[in-house]
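Take the two lone chains, each set in its own frame, and fit them into one complex as the hints suggest.
First to last, the sequence lines map onto chains Y and H. If you want the working numbering, it's the 1-based position in the first sequence plus 84. If you want the working numbering, it's the 1-based position in the second sequence plus 3.
Quick caveat, the hints were computed from the structure, so don't treat them as lab data. Be aware that a few hints might be false.
Claimed, not checked - Dumping the calculated DSS-like pairs for lysine-lysine here, alpha-carbon to alpha-carbon at most 27 angstroms:
(1) K196(Y) <-> K5(H)
(2) K29(H) <-> K202(Y)
(3) K5(H) <-> K205(Y)
(4) K132(Y) <-> K53(H)
(5) K150(Y) <-> K57(H)
(6) K163(Y) <-> K57(H)
(7) K47(H) <-> K177(Y)
(8) K174(Y) <-> K57(H)
(9) K53(H) <-> K162(Y)
(10) K55(H) <-> K162(Y)
(11) K163(Y) <-> K53(H)
(12) K53(H) <-> K164(Y)
(13) K47(H) <-> K174(Y)
(14) K164(Y) <-> K47(H)
(15) K177(Y) <-> K55(H)
(16) K205(Y) <-> K47(H)
(17) K132(Y) <-> K145(Y)
(18) K53(H) <-> K174(Y)
(19) K47(H) <-> K150(Y)
(20) K55(H) <-> K163(Y)
(21) K177(Y) <-> K198(Y)
(22) K145(Y) <-> K53(H)
(23) K53(H) <-> K74(H)
(24) K164(Y) <-> K174(Y)
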Amino acid sequence: METINISPIYATTIVQKLALYCSSYLGNDVYYLKEVVLLMINLYGEEKLVEMLKQDESSNKNITRKIGENWYEPNGMKKKLVRISIILEKVNKSYSVLYDRTLPKKEMEKIKYKEFLKQCKFFPRIENDFYALFIFLIENSSIRTMNISAQYLKILDVSKKTFGGIQKKKLREDYFDVVKKD
Amino acid sequence: MKLLNDLIARRLELSKDLELNNNNLKSIWHFYEVYKLCLNFSGKIDPTMKLKNKLIRRLITNPENIFVLGKLKRFISEDVNIIELTLNSLEESSGIGEVFEDFYPQSFFAINLDDRNL
Numbered sequence: 085m086e087t088i089n090i091s092p093i094y095a096t097t098i099v100q101k102l103a104l105y106c107s108s109y110l111g112n113d114v115y116y117l118k119e120v121v122l123l124m125i126n127l128y129g130e131e132k133l134v135e136m137l138k139q140d141e142s143s144n145k146n147i148t149r150k151i152g153e154n155w156y157e158p159n160g161m162k163k164k165l166v167r168i169s170i171i172l173e174k175v176n177k178s179y180s181v182l183y184d185r186t187l188p189k190k191e192m193e194k195i196k197y198k199e200f201l202k203q204c205k206f207f208p209r210i211e212n213d214f215y216a217l218f219i220f221l222i223e224n225s226s227i228r229t230m231n232i233s234a235q236y237l238k239i240l241d242v243s244k245k246t247f248g249g250i251q252k253k254k255l256r257e258d259y260f261d262v263v264k265k266d
Numbered sequence: 004m005k006l007l008n009d010l011i012a013r014r015l016e017l018s019k020d021l022e023l024n025n026n027n028l029k030s031i032w033h034f035y036e037v038y039k040l041c042l043n044f045s046g047k048i049d050p051t052m053k054l055k056n057k058l059i060r061r062l063i064t065n066p067e068n069i070f071v072l073g074k075l076k077r078f079i080s081e082d083v084n085i086i087e088l089t090l091n092s093l094e095e096s097s098g099i100g101e102v103f104e105d106f107y108p109q110s111f112f113a114i115n116l117d118d119r120n121l
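This is chain H alone, in the form it adopts within the complex (with noise of 0.2 angstroms):
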């Protein structure tokens, strides 16, 4: 799955180029359209993705709705596993654990975004 490999890197690469301290809905979004992939190939099931489409529908309404951009960097905090799992067994094929670890370093998702200075 080369293909999906530079998909899902490409946009992490993608969310790296953008100004993250002030575009949180930004990085959300990224973010949450490699959770999608990386769900559907995994074969997770996420009981609470409709919750978080609005969320994130109401993030894009607006941006400065501070109680939404909590709940989403919580969810955010715990989905991040499953990025890791699914780079870890895409890893093999082409590498992409590595450029993963490259933009996103290991404590990356455990801090409020907010302080990430890239």
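This is chain Y alone, in the form it adopts within the complex (with noise of 0.2 angstroms):
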């Protein structure tokens, strides 16, 4: 099959979105994979996704074939697209909000915390085929053989632990040494 060749503007995008989506959990990692499946479903052009997936041969061709087939019916992927993003939406807003460290009182805490839970009762309807989605168009594309840098990884906030070989502490030091100097 035909392998769809992405600039490499787009392609750090994309890598710089599924570092996103490895740094993160709780749906919204999942929020920066649908970013992704996004962006590269109009690189790739709708109606020739459409086609390659009903053409497809891997070993994984029994569910792409079917998203293939079934793409434009009322319960097919382009409408179930849809109705994850608006899911996705809500969970990247309550959850940003919830991790943000700033906000003053516990109460308004629990608050935004109970709106999280509300959205995770929608995770169930994030489909497998999603994700089958996602591996198909990585696999016939260009991007499959970049590797996702370290500098792109968010740098984790859990118990002083760091990912991609960047010391947070040695940040907040380096952005303190600067606001001083300011």
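Written as structure tokens, this is what we have:
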């Protein structure tokens, strides 16, 4: 099957988003995956993608071909992606507020946590074929040979541990040094 | 599929960075994100995936639910095979198998998630 060439600028954007996918969890990660999927659908061209899905010969062809055949159906992937996007936008929004450590009141955090939990009930609706589509998009594009550079990985805010070789404490010190100098 | 290799390796690395003993929910979430990718890469179908998604959602709303946790741990001990199979098939292209073994020794998933001392 034909390999879709992705221009370097889009490839970098995709890899950056995938790095964020690796660095987050509880639905916020899937939000970035969704961003990658939507961007890649546009890069493939929707019609071309549907045709490619229908002719897939990979080990996952039973699922991918079905995605292609049902793409425009009421329960097809096109409509599913809209639904998934709405769910993930809400999850991302509530997640961002929840993990904003600058929130002053504990009560406020409780409310936001409740809101986040409300969104979590929609997670099971993000079905497996969404991941199948993602694998297909990666597998058939030039991006599959790229690496995720450590510089794109978000620093974890978990028990002072770091990720991607960047030390958070060091970053903070550097930041305060700059502030003092100013 | 270097990118997929990298993706799986990074997520496994991330779970290793978390305090696994106290973050069952997070480690289970990471595990199933990797699992879903591996499932679709190898073309396998898991009829219990919907149930697992529901259990994970229940665990998010109530992380202390021992019943749900126990059920998911039982599933994980079986599902680890899919990840191993995928990583074996990817191993040749980028040496991901080595990364997997570094972070998750072979007996890792056979034991209780609470007993991990990483």
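Going down the list of hints, with the structure as the test:
no., hint, result
1, K196(Y) <-> K5(H), "violated (38 angstroms)"
2, K29(H) <-> K202(Y), "holds (18 angstroms)"
3, K5(H) <-> K205(Y), "violated (34 angstroms)"
4, K132(Y) <-> K53(H), "violated (30 angstroms)"
5, K150(Y) <-> K57(H), "holds (24 angstroms)"
6, K163(Y) <-> K57(H), "holds (22 angstroms)"
7, K47(H) <-> K177(Y), "violated (33 angstroms)"
8, K174(Y) <-> K57(H), "holds (19 angstroms)"
9, K53(H) <-> K162(Y), "holds (21 angstroms)"
10, K55(H) <-> K162(Y), "holds (25 angstroms)"
11, K163(Y) <-> K53(H), "holds (19 angstroms)"
12, K53(H) <-> K164(Y), "holds (16 angstroms)"
13, K47(H) <-> K174(Y), "violated (31 angstroms)"
14, K164(Y) <-> K47(H), "holds (21 angstroms)"
15, K177(Y) <-> K55(H), "holds (25 angstroms)"
16, K205(Y) <-> K47(H), "holds (26 angstroms)"
17, K132(Y) <-> K145(Y), "holds (17 angstroms)"
18, K53(H) <-> K174(Y), "holds (21 angstroms)"
19, K47(H) <-> K150(Y), "holds (15 angstroms)"
20, K55(H) <-> K163(Y), "holds (24 angstroms)"
21, K177(Y) <-> K198(Y), "holds (13 angstroms)"
22, K145(Y) <-> K53(H), "holds (20 angstroms)"
23, K53(H) <-> K74(H), "holds (14 angstroms)"
24, K164(Y) <-> K174(Y), "holds (16 angstroms)"
Checked against the numbered hints listed earlier, the structure breaks hints 1, 3, 4, 7 and 13; every other hint is satisfied.
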